[in-house]
Amino acid sequence: MSEETAKVLDQEPLYADAEALPTAQNRVKAFIKKFSKRKAALVSLVFLVALIVVAVISPYIVPYDPAAPDYSHMLEGPTAQHILGTDEFGRDVLSRVMVGARLSLFCALSAVVVGTFLGTVLGLLAGYYGGILESLIMRGSDVLFAFPDILLAIAIVAIIGPGTVNVIIAVAVFTVPSFARIMRSATIQVKGSLYVEVARSLGCPDRRILWTHIFPGTIQSMIVNFTMRIGTAILAAASLSFLGYGADVTVPEWGSMLSTARNYMTTAPHLVYVPGVLIFLTVLAFNLLGDGLRDTLDPKLK
Amino acid sequence: MLRYAVKRILSAIPLLLVISLLIFMFIHLIPGDPARIIAGKEATSYEIENVREQLGLNEPLLKQYGIYMAGLLTLDLGNSIRNGATVFDTIAPRFVPTIQLTLLAMLWATLLGTLLGIMAAVRRGKTLDYVSMIIAISGISAPSFWLGLMLIQLFCVKLGWLPVSGLTTWKSYILPSFTMGCGVMAIIARFTRSSMLENLKEDYIRTARAKGLGEFFVILRHAYKNSLIQVVTVTGLQIGGLLTGSVMAETVFSINGLGRLLVDSIGFRDYKVVQALLLFFSLEYIVINLIVDLLYGVLDPKVRYD
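Sequence order for the protein chains is A and B.
Residue numbers for the first sequence follow this note's numbering, beginning at -1 and rising by one.
Residue numbers for the second sequence follow this note's numbering, beginning at 722 and rising by one.
Treat the hints as calculated values from the structure; they're not laboratory data.
Just so it is clear, CB atoms sit at the ideal spot from N, CA and C, and this is done for glycine as well.
Be careful, since some hints might not be right.
Over 12 Å on every C-beta distance to chain B, these chain A residues come out as not near it, computed from the model [what the hints assert, rightly or not]:
hint, residue
1, 35
2, 48
3, 59
4, 82
5, 104
6, 201
7, 213
Restricting the straight-line Cα-Cα distance to at most 20 Å, the calculated cross-link-like pairs of lysine to any residue (SDA-like) are [stated by the list, open to error]:
hint, chain 1, residue 1, chain 2, residue 2
8, B, 879, A, 260
9, A, 35, B, 851
10, A, 37, B, 846
11, B, 762, A, 159
12, A, 32, A, 217
13, B, 879, A, 261
14, A, 37, B, 851
15, B, 847, A, 38
16, B, 879, A, 266
17, B, 762, B, 751
18, A, 37, B, 852
19, B, 847, B, 919
20, B, 762, A, 157
21, B, 879, A, 74
22, B, 879, B, 894
23, B, 762, A, 161
24, B, 728, A, 137
25, B, 879, A, 271
26, B, 847, A, 36
These stretches of chain B come out as covered by chain A in the derived footprint (C-beta under 8 Å, 3 or more residues) [said to hold, decoys possible]:
hint, region
27, 735 to 745
28, 856 to 864
29, 960 to 973
30, 984 to 994
31, 997 to 1009
Starting from the given sequences, assemble the full structure and let the hints guide the process.
So, in structure tokens, the structure goes:
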């Protein structure tokens, strides 16, 4: 839209009571009101915020050095000193899961951010331009989809080798195709709406239509899917670490902690409980939050 | 219908070709010299050359692809680097346990998932709905390998009812198939519920009730039958995922199936076997998708094949 047409539209409102139309502020208020009714989602949000805060400040608040061995307290269950017990080197489990939250969350979040960015751009382009570009992008994601579930991530790690960064790359690539598909259909939906038509007839360039008119219309499905994919990404990253493709086993990370805990199932079951429950609760919280966001933001998806 | 089926099958061929090309490229996508990686850090240049020869890496790329494709068609996928046996012989005996577990997992997951979904939809907003959906969302959120470990802890270590690993008696199938099916059960339950809720709102349900049909028939014959198409889609997509899910379950329960073979082969850099397994898993997924697409017509007469 050129500046002049924008002015004209401002001076002569299309609706008599234009003031009554929802403003961005009112929409946010309405969203908060609706969202706060979803108790499960609200509780999840609080839990996740707390978890992220703990993860960020963990190096300063851990009761023990998570890497310091204590050979006089090996494989001990919960005691007053170590409330979640100690591992096979006598390291404090509480400190390790706290620091482990950093790596686990960082891995999943960064992978999903990268995957979301790529998937969104590809989906927008495919949905908006159509034609050969769309075919190329969508067939490309079909190919990636042909490796079901975590297999794609395993295949990528098999090629580029194990390690934290490689797990992030694998999980990011694993996120891209589903995002591209969802964003493409959201784009096609918005593309057909009247205001996009208006923008186009006013001579708006493609790039502007795409980013200022279509993209905001797809943000809701993006946010919902972003939240849901984090849960999946945490599971995928933990599974890869469990299979031994993740970070160095000496680095505290929930998946790899479980992987080593397996060897002490009979003698120290608490080593299996603690990281597993944390992964479960975190993924559960992201899923519940995603459900809540979907119900409030994008009821069509239900 | 037949025309659609043929068209749909033909349209899968380019996808298969691209996937086979990608999987062929697999060994070339590995950063660095694959022969050096396979031979190990202390290998002499002679040994590396040997591996390269064995893998056929000295041939021009196009010829390698030709050999690979010809091998695919004749099921000659080369030899395992680990033990020299043919890839086919390495994979074949691993096939049965994985398929058995997958089918078992599928069976209970579909039955229980559907049941939970229908119950939740019929008792919407009641306790049963909440309980079912709590089970479902927990099933989606629990890492399958951890679930497996917890089951071992409870049923094998504490209670001593079931064996920890391997597949010897019928008892040893219970825990792995439960572990594999949990996520799928949850997804099916959620889909069934939302699709049932949509269908229960329809006019034909009111009609069915109005004409005095028993509630059981209204739900099963009228509402559920119309949900079936969505349930079949989800179920179909999940079988593909299930075979892959065997990777985790087989690792946890030490079962010699395809999933564990994949993990072991990646560890041993037995790339020929990895290639063959990746190809198998993706092929199986595409074929199942194809079957699901074709089933649409059978289940939903509203679908037109043009």
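Each hint, compared with the structure:
| no. | hint | verdict |
| --- | --- | --- |
| 1 | 35 | 14 Å, holds |
| 2 | 48 | 18 Å, holds |
| 3 | 59 | 26 Å, holds |
| 4 | 82 | 16 Å, holds |
| 5 | 104 | 18 Å, holds |
| 6 | 201 | 37 Å, holds |
| 7 | 213 | 28 Å, holds |
| 8 | B/879 to A/260 | 15 Å, holds |
| 9 | A/35 to B/851 | 16 Å, holds |
| 10 | A/37 to B/846 | 15 Å, holds |
| 11 | B/762 to A/159 | 15 Å, holds |
| 12 | A/32 to A/217 | 18 Å, holds |
| 13 | B/879 to A/261 | 16 Å, holds |
| 14 | A/37 to B/851 | 13 Å, holds |
| 15 | B/847 to A/38 | 16 Å, holds |
| 16 | B/879 to A/266 | 13 Å, holds |
| 17 | B/762 to B/751 | 16 Å, holds |
| 18 | A/37 to B/852 | 16 Å, holds |
| 19 | B/847 to B/919 | 17 Å, holds |
| 20 | B/762 to A/157 | 18 Å, holds |
| 21 | B/879 to A/74 | 18 Å, holds |
| 22 | B/879 to B/894 | 18 Å, holds |
| 23 | B/762 to A/161 | 18 Å, holds |
| 24 | B/728 to A/137 | 17 Å, holds |
| 25 | B/879 to A/271 | 14 Å, holds |
| 26 | B/847 to A/36 | 16 Å, holds |
| 27 | 735 to 745 | holds (count 5) |
| 28 | 856 to 864 | holds (count 6) |
| 29 | 960 to 973 | holds (count 9) |
| 30 | 984 to 994 | holds (count 3) |
| 31 | 997 to 1009 | holds (count 5) |
Of the numbered hints listed earlier, not one is contradicted by the structure.
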